[in-house]
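**Q** Below are the chains, spelled out letter by letter.
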Amino acid sequence: MTNTLHRYGTADSFDDDYIIFAIPSIGNNDEGCIPKMKEFLRICAKYGPANMGNGNRGSFAPEKGLNPAIHWNREANPDWEAVIEGVKKPGTVAAVFPNEESAKACFEEVVKCDFGLSVNISSSVENAREVAGNCGVKRHSVEYALAFNDPHDHLPNSQILGLSTMCGHGMVSFNLARKMLDLVREGRRTPDQAVATLVRFCPCGVYNPARAKRLLEAAIKEQR
Amino acid sequence: MLINQKKCVGCGNCVAICPMGAIYVDPQKSRATINDDACVECGTCFRGMSTETLNPTFVRTVRKVAKFLRFRFEPEPDVCPTGSFEMNELEMPRLIRQIFSDPVVEHKSTGIKGRGTEEVKTNDVSLRVGTNEVGYTIEFGRPGVGVKFSEIQEMTRTLAQHNITFEGNNPITHLMTDVKTGDLRADILDERILSAIVEIKTKIDTVEEVLQVVSEVNERIDTVTAVGVSTRCNDSGNDETLAPLLEDLGYNFSRAKTNLGLGRVTNTIKLNKAKESAQ
Numbered sequence: 002m003t004n005t006l007h008r009y010g011t012a013d014s015f016d017d018d019y020i021i022f023a024i025p026s027i028g029n030n031d032e033g034c035i036p037k038m039k040e041f042l043r044i045c046a047k048y049g050p051a052n053m054g055n056g057n058r059g060s061f062a063p064e065k066g067l068n069p070a071i072h073w074n075r076e077a078n079p080d081w082e083a084v085i086e087g088v089k090k091p092g093t094v095a096a097v098f099p100n101e102e103s104a105k106a107c108f109e110e111v112v113k114c115d116f117g118l119s120v121n122i123s124s125s126v127e128n129a130r131e132v133a134g135n136c137g138v139k140r141h142s143v144e145y146a147l148a149f150n151d152p153h154d155h156l157p158n159s160q161i162l163g164l165s166t167m168c169g170h171g172m173v174s175f176n177l178a179r180k181m182l183d184l185v186r187e188g189r190r191t192p193d194q195a196v197a198t199l200v201r202f203c204p205c206g207v208y209n210p211a212r213a214k215r216l217l218e219a220a221i222k223e224q225r
Numbered sequence: 002m003l004i005n006q007k008k009c010v011g012c013g014n015c016v017a018i019c020p021m022g023a024i025y026v027d028p029q030k031s032r033a034t035i036n037d038d039a040c041v042e043c044g045t046c047f048r049g050m051s052t053e054t055l056n057p058t059f060v061r062t063v064r065k066v067a068k069f070l071r072f073r074f075e076p077e078p079d080v081c082p083t084g085s086f087e088m089n090e091l092e093m094p095r096l097i098r099q100i101f102s103d104p105v106v107e108h109k110s111t112g113i114k115g116r117g118t119e120e121v122k123t124n125d126v127s128l129r130v131g132t133n134e135v136g137y138t139i140e141f142g143r144p145g146v147g148v149k150f151s152e153i154q155e156m157t158r159t160l161a162q163h164n165i166t167f168e169g170n171n172p173i174t175h176l177m178t179d180v181k182t183g184d185l186r187a188d189i190l191d192e193r194i195l196s197a198i199v200e201i202k203t204k205i206d207t208v209e210e211v212l213q214v215v216s217e218v219n220e221r222i223d224t225v226t227a228v229g230v231s232t233r234c235n236d237s238g239n240d241e242t243l244a245p246l247l248e249d250l251g252y253n254f255s256r257a258k259t260n261l262g263l264g265r266v267t268n269t270i271k272l273n274k275a276k277e278s279a280q
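Order-wise, the sequence lines are chains R and B.
Just so we're aligned, residue 2 is where the first sequence starts under my numbering, counting upward by one.
Just so we're aligned, residue 2 is where the second sequence starts under my numbering, counting upward by one.
Careful: at least some of the hints might be erroneous.
[What the hints assert, rightly or not] Derived DSBU-like pairs: lysine-lysine, alpha-carbon spacing no greater than 30 angstroms straight-line:
id : chain 1 : residue 1 : chain 2 : residue 2
1  : B       : Lys271    : R       : Lys139
2  : B       : Lys68     : R       : Lys180
3  : R       : Lys65     : B       : Lys204
4  : R       : Lys89     : B       : Lys30
5  : R       : Lys90     : B       : Lys7
6  : B       : Lys8      : R       : Lys65
7  : R       : Lys139    : B       : Lys149
8  : B       : Lys30     : R       : Lys113
9  : B       : Lys271    : R       : Lys90
10 : B       : Lys202    : R       : Lys180
11 : R       : Lys39     : B       : Lys271
12 : B       : Lys274    : R       : Lys139
13 : B       : Lys204    : R       : Lys89
14 : R       : Lys180    : B       : Lys149
15 : R       : Lys180    : B       : Lys8
16 : R       : Lys113    : B       : Lys276
17 : R       : Lys139    : B       : Lys204
18 : R       : Lys113    : R       : Lys180
19 : R       : Lys105    : R       : Lys180
20 : R       : Lys90     : B       : Lys274
[Claimed, not checked] Computed footprint of chain R on chain B, listed as stretches where at least three residues anywhere in the stretch have a Cβ under 8 angstroms from a Cβ of chain R:
id : region
21 : 209-223
22 : 264-277
Think of the hints as simulated: they come from the structure by calculation, not from any bench.
Keep in mind it's a predicted model, so treat the numbers as computed, not measured.
Just so it is clear, CB atoms sit at the ideal spot from N, CA and C, and this is done for glycine as well.
Okay, chain R solo, but in the shape it has when bound (with noise of 0.2 angstroms):
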């Protein structure tokens, strides 16, 4: 299961952030439905997706048992084929894009596919609306994200919360997106390596590296 509805931000700062995703009903279309799940993260792959994710794994996964070494060399480049391959179960497959025209011709082809399987698009409402028309498609159903309720004053600043939000159960902690924001201010790290250690903490492979290295430059740029 994915969670992508609360993320935080304005209708426009979405522009870089379509989600597709495919789920089975459980009861109604999950019988065989696996090789269409995987067939559906194959398709998104090959339209360039910022992010994948199978409900279990995103395709930056952290590291175990690495070697000090790697300090110095280490990269973050994304495992599409892990996360196909790992679909085992019904569940919720996702591909995060980075752009308007990559989500367009994604979708285009799903359509085509004719799965069967429901496919819902998170972004913008207009956004999604966009993409749907392209295709002809007329949108089912509809769910609106309101604001967060914080009468308490939990919730940290929008730099903070727009690079949290994106993992939408809550992996990515306030604490850490405050010190990988701190790191790049100092110069101690690059916003693409900011990025990269943030990516990781998202099983679900929704968290959107394109989308986060655009707000982390635009909160360095803001203090300058």
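The hints should help you fit chain B onto chain R, whose structure is shown.
**A** Below, chain B alone, put in the same frame as chain R:
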């Protein structure tokens, strides 16, 4: 969750990782320590951190020298250099923390059908929410605040007094001892979790009332809530009821999940049943 004190070198990397701020470095022991009351067993430290297999004695020595020389020891921020985290077997009621906080754990032991829910993501097939109906997902504790079941019960009890229907396939509904009153199981009320979602459904004319109730209850409980409201679009693919209503009520909804209606029933049993009833 446990931290192996023989392995931990007190580097403090895990302190920032914990979504609940439950980990601190004990100054007496120079080891990372978990505040068990604050820990929600989400597994972010154990699963999310990359690990190295360095010798703890060696790392402690290097750190001591660096500290003496006022050098800053700066390992990769997502790495536990000695792989000190260990997941322990949990029993109820503490197990409920993991069930609601760790997104990759399966939890058949309690009989709860998953932490997540299909919501309107499969509405094209499940037909859960119809036109002129509104589905609500009321999420507690996320991001980064957490919530106790006693606080969730405050909400469910209050909502139950209004004309709402709790979603049957929702994990919180499964924990209710009485869906008419919104009472939850007594043994879990003191347990803290990262988040939970209460799902209800109403007719469209009660949207204002329900959102007002959620807001009022949130004032009384020490957490954060996030509400999702959903409906079915008309045959033209437009929502001409809920969105205008939310706008009139002053809500700003910049983001949405949009179900594109590509799903259909394909399971054999379900199809046969449909054929039988058609005959």
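**Q** Next, verify each hint and record whether it holds.
**A** Hints, one by one, checked against the model:
no.: 1; hint: Lys271(B) / Lys139(R); result: holds, 25 angstroms
no.: 2; hint: Lys68(B) / Lys180(R); result: holds, 21 angstroms
no.: 3; hint: Lys65(R) / Lys204(B); result: violated, 50 angstroms
no.: 4; hint: Lys89(R) / Lys30(B); result: violated, 43 angstroms
no.: 5; hint: Lys90(R) / Lys7(B); result: violated, 38 angstroms
no.: 6; hint: Lys8(B) / Lys65(R); result: holds, 15 angstroms
no.: 7; hint: Lys139(R) / Lys149(B); result: violated, 40 angstroms
no.: 8; hint: Lys30(B) / Lys113(R); result: violated, 61 angstroms
no.: 9; hint: Lys271(B) / Lys90(R); result: holds, 20 angstroms
no.: 10; hint: Lys202(B) / Lys180(R); result: violated, 40 angstroms
no.: 11; hint: Lys39(R) / Lys271(B); result: holds, 24 angstroms
no.: 12; hint: Lys274(B) / Lys139(R); result: holds, 28 angstroms
no.: 13; hint: Lys204(B) / Lys89(R); result: violated, 38 angstroms
no.: 14; hint: Lys180(R) / Lys149(B); result: holds, 27 angstroms
no.: 15; hint: Lys180(R) / Lys8(B); result: holds, 24 angstroms
no.: 16; hint: Lys113(R) / Lys276(B); result: holds, 27 angstroms
no.: 17; hint: Lys139(R) / Lys204(B); result: holds, 23 angstroms
no.: 18; hint: Lys113(R) / Lys180(R); result: violated, 44 angstroms
no.: 19; hint: Lys105(R) / Lys180(R); result: violated, 35 angstroms
no.: 20; hint: Lys90(R) / Lys274(B); result: holds, 25 angstroms
no.: 21; hint: 209-223; result: holds (count 6)
no.: 22; hint: 264-277; result: holds (count 7)
In the structure shown, a violation is registered for the earlier hints numbered 3, 4, 5, 7, 8, 10, 13, 18, 19, in ascending order.
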